[in-house]
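Read off the chains here:
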Amino acid sequence: MSNLEIKVYKNLMGANEEWAVKIRSVLKEKGVRMVNIIGSPGCGKTSLLEYIGKHGTGEKTPVPFAVLEGDVETTKDAERLNVLKIPVSQLITSGGCHLEAKMVYHALCDLDLDRIKLVVVENVGNLVCPAEFDLGEDAKIAVLSITEGEDKPVKYPMLFREAKACVLTKIDLLPHLKFDLPACLEYVKQVNGSIPVFQVSSYTGEGMDDFTRWFIGV
Amino acid sequence: MHEYGIVSTIVNTVLKELSTRNMEPEQVISVNMVAGKLHQIIEENMQFAFEVLTKDTGLSGCRLNIEFKPVRIRCRACGTEGEVSGAFFLCGACQSHDVEVVTGKELYLENLEVRDE
Ligand SMILES: Nc1nc2c(ncn2[C@@H]2O[C@H](COP(=O)(O)OP(=O)(O)OP(=O)(O)O)[C@@H](O)[C@H]2O)c(=O)[nH]1
Ligand SMILES: [Mg+2]
Ligand SMILES: [Zn+2]
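Here the protein sequences line up with chains A and B, keeping their order. First residue of the first sequence: 1, per the working numbering; consecutive thereafter. First residue of the second sequence: 1001, per the working numbering; consecutive thereafter.
Because the hints were derived from the structure by calculation, they are not lab data. None of the values given here were measured: they were computed from a predicted structure. Please note that a few of the clues may not be correct.
[Claimed, not checked] Every beta carbon over 10 Å from chain B, so not counted as near; a handful from chain A, in silico:
1. Asn3
2. Tyr51
3. Glu79
4. Ile86
5. Leu91
6. Ile116
7. Cys129
8. Ala139
9. Lys155
10. Ile171
11. Asp172
12. Leu173
13. Phe179
14. Arg213
[As the list claims (entries may be wrong)] Now the stretches of chain B that chain A is said to cover, found in silico as 3 or more residues with beta-carbon under 8 Å:
15. 1011–1023
16. 1029–1040
17. 1085–1091
Note that the Cβ used here is the ideal one computed from N, Cα and C, for glycine as well.
Assemble the whole structure, with the sequences as input and the hints as a guide.
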């Protein structure tokens, strides 16, 4: 009796990758762009979208986009956007800590892609897992609220490596916190020196015009 | 936190592989996978998921071995390669931020060690 080695090379993200490829081809065919917004629970992702839905770029140009809302439970976020007449589908993961490409593919196909040029995915609140899953998007955006502390980019490097932009939210709270802004900017640069960092507040609108222009131009 | 999903792909792949070869799950000694450190996979969670998901499959007696690959980067400016420590994604030689990740993103099942009967 002896031991045998059986080679079984298998990419463990392969199944997700197949769906991501399908998403990419739908987006390409329809000329639609897609961004994937990732950040902790409560970092202000939906608030950013509400602000953009209400104010656009501040130049009275409406920004037409549809949203795929990923949440573990409830349709609360979809309802918030629905009030603003933003087309939105709620994806409920029932415990899943991230969105996978298969789910997004089906939701994407249900949208009226002949009328929409930009699809925004709001991922499940989580800094680790969503960064791992390719959704076939044009860009991932890392959202970090300043109440979470300046060290998050170095603690969760995968997300900040994968992202094409970083948004620091709740900047209106800066006077009330011991948040080291220069250190945070340095940490982002250390992990990924090539991405822009937008400092914004959905409450005061500070920095939102700049971010919105980048966002709709991805 | 998605360790469960990864392990469930592993278990399904292994069982399928064995059945195409007419082998029994009880013959498996170890299942060997590679994980880049950038994934921040937690070994303990993987082992726990493996224990739970192999129960009643005949694989419950085998080991899951995870080889963790360090995060290494290459500088696009000067070509220097090095290991990332403390999440410093910059070139150790010229301090450039323009670097690409060369290892650390792997996530695959590599092989099985089985008893030949
Ligand atoms: N001070 C301040 N609070 C904010 C800002 N943006 C959002 N908030 C508050 O932060 C909380 C969470 O905001 P959401 O927009 O729901 O955050 P989210 O990231 O969508 O949350 P989940 O989808 O549940 O992960 C709410 O109480 C918001 O009012 C901001 O710019 N400044
Ligand atoms: Mg939300
Ligand atoms: Zn260099």
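Interface-negative label, A/Asn3 against chain B, beta-carbon threshold 10 Å: 6 Å, violated
Least C-beta distance between A/Ala139 and chain B, which was stated to exceed 10 Å: 18 Å, holds
Chain B versus A/Phe179 - minimum CB to CB distance exceeding 10 Å, so not interface: The claim stands: A/Phe179 keeps its Cβ more than 10 Å from every Cβ of chain B (closest is about 19 Å).
Status of the stated non-contact between A/Lys155 and chain B (beta carbon gap over 10 Å): With a cut-off of 10 Å, A/Lys155 comes too close to chain B, as the shortest Cβ separation is near 8 Å.
Coverage of the region 1011–1023 of chain B by chain A, judged on three or more residues with CB within 8 Å: Holds: 4 residues of the region 1011–1023 of chain B have a Cβ under 8 Å from chain A.
Distal placement of A/Arg213 relative to chain B, Cβ over 10 Å: 24 Å, holds
Coverage assertion for the region 1085–1091 of chain B with respect to chain A, Cβ distance below 8 Å, three residues required: holds (count 5)
Within 8 Å of chain A (C-beta), three or more residues of the region 1029–1040 of chain B: Since 5 is at least three, the answer is holds.
Least C-beta distance between A/Cys129 and chain B, which was stated to exceed 10 Å: 5 Å, violated
Check on A/Tyr51 being off the interface with chain B, judged by Cβ distance over 10 Å: 29 Å, holds
Given as non-interface: A/Leu173, partner chain B, CB spacing beyond 10 Å: For A/Leu173, whose nearest Cβ neighbour in chain B is about 25 Å away, the distance exceeds 10 Å, so it holds.
Assertion that A/Leu91 lies outside the chain B interface [Cβ separation over 10 Å]: Nearest chain B Cβ is 16 Å from A/Leu91, so the label holds.
Against the hints set out earlier in the document, violations occur for numbers 1, 7, 9.
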